[in-house]
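Taking the hints into account, I'd like the entire structure generated from these sequences.
Protein chains: 2
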Amino acid sequence: MINLVILGAGNVATHLAKAFSIAENVKLKQVYNHRPENLLAFKSIAPTTTDLNQLEKADVYLIALKDDVIAEVAGLLTDNAALVLHTSGSVHLDVLNRFKNHGVFYPVQTFSKKKEVNFREIPVCLEANSAKNLEFLEEFAAKISNKIYRIDSNQRKSLHLAAVFVNNFTNHLYSLGAEICRENEISFDILKPLIRETVDKLESLTPLEAQTGPALRDDKQTIARHLAILEPKRQKLYKILTQSIQEFNGKKL
Amino acid sequence: MINLVILGAGNVATHLAKAFSIAENVKLKQVYNHRPENLLAFKSIAPTTTDLNQLEKADVYLIALKDDVIAEVAGLLTDNAALVLHTSGSVHLDVLNRFKNHGVFYPVQTFSKKKEVNFREIPVCLEANSAKNLEFLEEFAAKISNKIYRIDSNQRKSLHLAAVFVNNFTNHLYSLGAEICRENEISFDILKPLIRETVDKLESLTPLEAQTGPALRDDKQTIARHLAILEPKRQKLYKILTQSIQEFNGKKL
Numbered sequence: 152m153i154n155l156v157i158l159g160a161g162n163v164a165t166h167l168a169k170a171f172s173i174a175e176n177v178k179l180k181q182v183y184n185h186r187p188e189n190l191l192a193f194k195s196i197a198p199t200t201t202d203l204n205q206l207e208k209a210d211v212y213l214i215a216l217k218d219d220v221i222a223e224v225a226g227l228l229t230d231n232a233a234l235v236l237h238t239s240g241s242v243h244l245d246v247l248n249r250f251k252n253h254g255v256f257y258p259v260q261t262f263s264k265k266k267e268v269n270f271r272e273i274p275v276c277l278e279a280n281s282a283k284n285l286e287f288l289e290e291f292a293a294k295i296s297n298k299i300y301r302i303d304s305n306q307r308k309s310l311h312l313a314a315v316f317v318n319n320f321t322n323h324l325y326s327l328g329a330e331i332c333r334e335n336e337i338s339f340d341i342l343k344p345l346i347r348e349t350v351d352k353l354e355s356l357t358p359l360e361a362q363t364g365p366a367l368r369d370d371k372q373t374i375a376r377h378l379a380i381l382e383p384k385r386q387k388l389y390k391i392l393t394q395s396i397q398e399f400n401g402k403k404l
Numbered sequence: 152m153i154n155l156v157i158l159g160a161g162n163v164a165t166h167l168a169k170a171f172s173i174a175e176n177v178k179l180k181q182v183y184n185h186r187p188e189n190l191l192a193f194k195s196i197a198p199t200t201t202d203l204n205q206l207e208k209a210d211v212y213l214i215a216l217k218d219d220v221i222a223e224v225a226g227l228l229t230d231n232a233a234l235v236l237h238t239s240g241s242v243h244l245d246v247l248n249r250f251k252n253h254g255v256f257y258p259v260q261t262f263s264k265k266k267e268v269n270f271r272e273i274p275v276c277l278e279a280n281s282a283k284n285l286e287f288l289e290e291f292a293a294k295i296s297n298k299i300y301r302i303d304s305n306q307r308k309s310l311h312l313a314a315v316f317v318n319n320f321t322n323h324l325y326s327l328g329a330e331i332c333r334e335n336e337i338s339f340d341i342l343k344p345l346i347r348e349t350v351d352k353l354e355s356l357t358p359l360e361a362q363t364g365p366a367l368r369d370d371k372q373t374i375a376r377h378l379a380i381l382e383p384k385r386q387k388l389y390k391i392l393t394q395s396i397q398e399f400n401g402k403k404l
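Chains as they are written, first to last, in this note's numbering: chain A, 152 to 404; chain B, 152 to 404.
Treat the hints loosely; a few may be bogus.
Just so you know, same-sequence chains aren't split out, so a pair can sit in one copy or run between any two.
List time: in silico DSSO-like cross-link candidates among lysine-lysine, alpha-carbon distance up to 30 Å [claimed, not checked]:
(1) Lys178 <-> Lys251
(2) Lys343 <-> Lys390
(3) Lys266 <-> Lys371
(4) Lys390 <-> Lys217
(5) Lys217 <-> Lys194
(6) Lys264 <-> Lys343
These are computed hints drawn from the structure, not numbers from a lab.
Next up, the structure:
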């Protein structure tokens with residue numbers, strides 16, 4: 152039985168607590184957060200505390216807090232035998248190096264509290280300060296996910312950057328698409344099957360192979376028609392993305 | 152019974168011919184293309200011809216050809232009683248105005264010949280030169296799709312532009328994400344559940360509400376770390392997208 156304490160009460164902590172609370176051979180002993188109101192949602196699945204001095208003894212402390220408080224809260228942990236983990240995509244392993252046993256447990260997903268997830272399908276990227284800890288961490292992660300990857304701190308930094316491109320930036324392009332629709336009294340629903348198919352294609356093609364559109368074809372007439380109806384700031388974005396497609400796919404094809 | 156002739160043998164023509172060949176009260180009388188080898192795949196579902204002088208008489212001629220040959224091929228059609236349609240997102244209705252009855256039948260999807268689609272789920276945007284033709288066109292489109300929209304030529308131009316943002320440009324961001332993974336020996340599969348969830352969120356949130364990430368939080372440390380590991384061209388793209396998120400969401404929230 153692995154005894155677990157989770158520190159944090161945000162989206163990541165919420166989904167991790169749910170998944171581990173029903174995992175085999177794991178006991179979720181406690182959830183910590185400094186704000187009592189944030190702990191209400193956890194009370195049905197584990198004991199909670201707002202006091203770091205009252206932390207239960209555990210085998211694993213999983214810090215699922217904001218990037219900029221990980222080091223500070225870790226500095227207040229006193230159990231030096233346990234494995235101490237953080238869940239951040241962009242914080243180095245070394246921030247935990249005052250602990251003999253430390254590692255990273257980074258689930259690659261965008262979580263919302265309201266939306267249920269199937270943790271078994273969520274990729275979890277692992278790193279630890281020793282081969283032995285990494286092996287233990289793999290067993291621990293396998294309790295809730297089928298998709299375990301070994302990713303070191305440098306790779307994780309790049310992975311987090313790639314995630315910004317495919318998640319944050321694409322979502323912003325959806326915003327701009329929705330705005331163009333709104334301005335022209337067109338339902339954004341018309342574009343949703345297209346958006347879904349763009350993603351479905353990734354199952355059978357690389358994105359390089361799946362690329363289509365006026366930029367790829369160098370269809371100057373259509374590009375000119377599009378630029379003519381865009382406001383200056385979006386024109387700039389359209390041009391730089393068109394150029395990027397032409398350079399990237401021209402180089403690769 | 153509506154008698155139909157399809158002109159074209161590309162991806163759009165292929166999926167339209169399949170869908171209409173099994174639609175109730177529609178008879179796919181013929182498929183035209185100037186290259187006989189392109190017609191082979193159609194022989195099992197309809198008679199074919201490579202000669203515009205041999206076109207069958209029909210109620211509807213559906214021109215699913217490349218944008219730049221629509222006007223030329225339409226100019227060679229002689230049946231002035233029929234309804235003549237094109238399928239382009241970016242060509243004006245007026246290109247067909249030598250016909251008494253003309254319209255646009257624009258399916259908003261990215262088609263691949265190999266990949267089956269459920270046409271019932273594909274939004275079809277309709278426009279016609281008269282209210283009567285538009286009503287007829289709605290009945291005709293409903294034979295294969297449940298998602299019928301009235302969209303005029305100006306709206307369609309904007310819709311096509313929005314489609315470039317949400318399909319071509321997002322796919323390019325997937326390419327860049329995949330490239331960052333490749334350069335760092337990370338499996339792109341790690342990002343696929345995240346990509347899928349980004350799309351799934353659009354079912355319950357607007358993209359504006361769904362926006363997350365360092366740009367939105369104005370997390371300068373993370374942004375600086377990301378810029379430090381990007382090559383100059385991608386830095387430029389990262390900066391302009393970050394700025395665009397901050398301006399767009401800052402203005403709206």
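**OP:** State the violated hints by number, sorted upward, taking the hints as numbered earlier in the document.
**Re:** Result: no hint breaks.
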